[in-house]
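Protein chains: 2
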Amino acid sequence: MPNQRWVRLSTEKATSTLHILGTELCLDICGAAPSAATTFDIWATLGLNFSVDRNTEESNLSFYAPRWELDKTVKVTVTMDAPSIEADEEKIRISYYKENSKIPVAKAILHITCVEISLDADINRSGMVTRRGKQKSQWTWGPDGRGAVLLVNCDRDTPGAEKEDNKDTELKSDLDRKDMSCMILTAHGPNEVFQNHQLILHISEVEDDKVGVFYSQGEMEKKHYKHVLGSGKLSYKVERDLDQVESVFYVEGLKFPDIDFSGLLAFHASLLESTNKEIPQAPIFTDTLVFRVAPWVMTPNTLQPISVYVCSVDGNDDFVAEVRKLASKARCKFIICPPEENRMDRWIQDEMEFGYTQAPHKTFPVVFDSPRNRGLKDFPFKKVLGPDFGYVQRDLPPEISPSSLDSFGNLEVSPPVKVRGKEYPLGRILIGTYFPGNFNRNMSKIVQDFLHAQVVQSPIELHSDWLLVGHVDEFLSFVPAPDQKGFRLLLASPSACFKLLKEKEEQGHGAAKMFEGIEFPEGKAHSITEIIADRSLRNWNEYCQKCIDWNRNILKRELDLTEKDIIDIPQLFSPDSQKSSAVAYFPDMVNMVVLGKYLGIPKPFGPIIDGQCCLEKEVRHLLEPLGLSCIFIDDYSTYHLLRGDVHCGTNVRRKPFSFKWWNMSP
Amino acid sequence: MPNQRWVRLSTEKATSTLHILGTELCLDICGAAPSAATTFDIWATLGLNFSVDRNTEESNLSFYAPRWELDKTVKVTVTMDAPSIEADEEKIRISYYKENSKIPVAKAILHITCVEISLDADINRSGMVTRRGKQKSQWTWGPDGRGAVLLVNCDRDTPGAEKEDNKDTELKSDLDRKDMSCMILTAHGPNEVFQNHQLILHISEVEDDKVGVFYSQGEMEKKHYKHVLGSGKLSYKVERDLDQVESVFYVEGLKFPDIDFSGLLAFHASLLESTNKEIPQAPIFTDTLVFRVAPWVMTPNTLQPISVYVCSVDGNDDFVAEVRKLASKARCKFIICPPEENRMDRWIQDEMEFGYTQAPHKTFPVVFDSPRNRGLKDFPFKKVLGPDFGYVQRDLPPEISPSSLDSFGNLEVSPPVKVRGKEYPLGRILIGTYFPGNFNRNMSKIVQDFLHAQVVQSPIELHSDWLLVGHVDEFLSFVPAPDQKGFRLLLASPSACFKLLKEKEEQGHGAAKMFEGIEFPEGKAHSITEIIADRSLRNWNEYCQKCIDWNRNILKRELDLTEKDIIDIPQLFSPDSQKSSAVAYFPDMVNMVVLGKYLGIPKPFGPIIDGQCCLEKEVRHLLEPLGLSCIFIDDYSTYHLLRGDVHCGTNVRRKPFSFKWWNMSP
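Those protein sequences? They're chains C and S, same order as listed.
Residues in the first sequence are numbered from 1 upward in steps of one, following this note's numbering.
Residues in the second sequence are numbered from 1 upward in steps of one, following this note's numbering.
Since the hints were made in silico from the structure, they are not lab data.
You may find that some hints are simply not true.
Copies of the same chain look alike in the list, so a pair counts if it works inside one copy or between any two.
Below, simulated BS3-like cross-link-like pairs (lysine-lysine); rule was C-alpha separation at most 25 Å, straight line [claimed, not checked]:
{"no.": "1", "residue 1": "K422", "residue 2": "K163"}
{"no.": "2", "residue 1": "K237", "residue 2": "K377"}
{"no.": "3", "residue 1": "K107", "residue 2": "K277"}
{"no.": "4", "residue 1": "K255", "residue 2": "K382"}
{"no.": "5", "residue 1": "K255", "residue 2": "K445"}
{"no.": "6", "residue 1": "K556", "residue 2": "K579"}
Turn these sequences into a full structure, and let the hints steer you where they fit.
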């Protein structure tokens, strides 16, 4: 239904009004009618289209057709097809009649000027502004959805700038402008209309801290940009030159969606009538355009890797060299975070998560900086943030200390899934939280709220607090697969490990030892027979298996997985020194880095049987049929003994999905 | 789909597990299978139901039917029909076979105990707890919807208590308990199961500041209530007596929905397995129950009035007496707010808004205290809050001063409407906000956010800032009507007023004067002819009419009204002393109090023609055909000259809708 504007008539004097192209004028036929009048007729100039709509029965009007009975149900609407060249170009006349009279008792004359006012953006998501779009105040999801997209301009295009591009009110470069969405205000009509009408662009208080709008002034080379809305500026009187039809604005987002912000932002272009200097302006028309701020999107292991990050710390040269080799096989860029930047903190998985943000006109990676803040605290902001590389963080209030569950080894994402008819084409986020009864750490609400608010990768809560470190990457990973759903879920499995060891014992290899050739801590059982006989280790692992199975049930339900989609990777856990939570007994094989078909797996140092580690052999046997290449990396002394493995010590930036987030239905 | 739990088998030793009534156990057939085995069969005691589901083709098994091929697609599920009497009552045995062998190569035996664990509330909205409800973690709207309702326990049942009942962690009286929702935890099964399993009731951090849960202990007379969840308590270990099947809890809401709170609250009952004192507990099962906190609901003029409030201030005895008479006609309770409580503030409409909150088991009125905070500041809390009379407020941070738009004369609600297919059975809230360009006052975001978050009366923003006081009740009201939509929208209309005056002038009454018999301020034109001739007054009123018409267009669109649903009430406005915004030129007739069919209308003091005020006559002519009774009340010197009229000086509590809010689809 087009927007309707009701306009009063006068039988005293001819009046004038504006008609806004694409809307309808409704004439107040009855309001102006003299009390004696019972019927009316209409005459109009050719440029006007008018229609008469009434609910009551057609009455018997014999004199001059068409003439209509005056009553409140009659509705006269007027439209025009193009902006007027001159003011008051068209005219409509309503003549009122007494019963049975040929001579009108009064006439109301209305002059009409048509103007076009339209606030437009890329509502068709084509990368270009859609002119004269309809239903711009609605934003809809899905392949048939409509509505423009705004990026949070959280990169830093200007070398040497102190902060992200959206932390100031300047538009400094073309690179910066290209991160913004173009918004065009069309105001087309006779110049004199815009002399006694004011055009304003405005937002409400809600939008104020979430957007920045720049007005593009001047021609080509001499173009400059003025900050006109946001950060305290709620309205902008549009300066329009004579005959100027379009005003071009650039819009940037300041904030990602969050618990108190759906991501929708409304911009309004309004026309105000200034009849008289002594009287305030009255609103005539508002055009509303809604943008959605693009969410931050995570990338699962099944997406192509672009670059691999690792920290260089005292004594981990061999590890760095092995990861470098792996990265080179997978044709990834290899990035070392040097000691002065990591300050002895090797857990680069935990400090940040790579994702991206996307609009039809522009996509760039965005690093999410965790509230963990240990040695690597400054690395994401100082070294990752840059031109076309955005940055977002969620820090805790100073009185709250982050827990280990706030580290981003505890933040993963599944490949795309379909769950009982509902599509998750960007996968679902997986986070580890606590289960009441035992412990009480949790991923901070501020981080969880942010993840939920992105909407497109609906998070699933797993139970990770049974682990000393408490990260989901300690018991699960995803690898690409050529068949079925395109991936397998790998789960650490004490049961599978005991089953394997028992088979080996039955085959006469009970004396084969774990940890051959490395210095292992005192007290660890190490022959297969000893491990199997260790009742307390068995009990402990049964408990761990139950915790993993609890998560397995959640994952099966929430990702709609069957047993065929899951591979159990042999793994044992042991209690920590407090005997209250679990740590990996040998390097945690699911804590791997996945680079396309190349898997960098913590070398488990399992019992050597027939010259081969039986754990490695089993894992190869499970994964190689999927076309995957297992590369075992020794992280024993440099990572494993410090309570993490290969995944914890690496980070990977991946290609964005080819699927566009706005094409889904969350 | 019932909840599934995956359980591991062992061929080494018989194992035990719990089955939760209403769920399914999935057996890990393949995980326990010896590597040589290729087929399996199943034997089970009679109390077990099992089913075998496989995706692959039935294979040619000639020995003993039924026997199944071992592969990952096979799925064996087990259920039971009732809680077990004794532990390990039922048993299932899986026998594994090598190819072509009659003798099993291994057997896995699993003992199963069935227990019932169910957390229930009134999910059918009948006023009683629904036992063994399904899909309790979903909350759905509409007549076919399901899900329990929680009240914000914001009344004060205990005489002399300092604060609302939900501001402490005590349940003091039966009256208090009746405001809470009952929640029953059923735990049915052999006692020994509950000796090595822990039952806990828990909430997440999100719920912590939004609920209070009390555990009902002891029998009948000796009953007492212990605060077990909320306000820092996230989990409660349920103490279960021998053979105790049900534990009864009472739940209160602490907060109404708001921008960061949808109103949904989840409660979980979990069973944890404690195998061994040295090993932490592992989760086995969680039942989740979701409540929605009942919204605060406003009551339109079309609902039956219960009580009328008015302030007694210096010199307004006549006004109070007239309102008392009106209330008595309408059979309403009449409540005077005395001078010591109003502290010279007569604008009782502005300080508070009456509404209610409702659950299937209980409904009570709730006063919403505005952030306006003038003389009447303490009245709602001190005098309205009480037994079964709730209280909610939204105060601004101390650094922000409320504007006149924060007064609740600027907060109204329409009668029920249907708008292009969408039903609003509780009407829609109307608030006045600013229009950029002229002024910059607004209703505070904190109040707007609260109103939007109630969800059931989707607010409409009107433009009220063109008025000096800036309230929507200065230009609109709703009255009941026997026909059409059941109501009419009354709009103040300068056009209608000039039209009327002009007719009177044409009829020879140009000399008739306004304000006869009262002292009027200097400079006001007062004969009909003078008023019509006052060009600047005409211009000003044309501006005001445009502002009202702007709102008329919004109201027509957002409430789906036609011209037949609207009555124009003659009214003039004049500029304030700054000539920047509008005030009523004579007592503002739409600013009326509506008590059923009795309307208390500000006496306009219009020109007397044939012994009758022509404005009163016109209004009677417009409204009396609807069966309404117009009672004109003189508020000239005591209210009108102070910039308000009858509606501003009164407040009305009304009966709740008979329509239940949960039956709508917002």
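Hint-by-hint comparison with the structure:
no., hint, result
1, K422 x K163, "neither (40 Å within a copy, 47 Å between copies)"
2, K237 x K377, "neither (44 Å within a copy, 39 Å between copies)"
3, K107 x K277, "neither (29 Å within a copy, 96 Å between copies)"
4, K255 x K382, "within (20 Å within a copy, 42 Å between copies)"
5, K255 x K445, "both (18 Å within a copy, 18 Å between copies)"
6, K556 x K579, "neither (30 Å within a copy, 69 Å between copies)"
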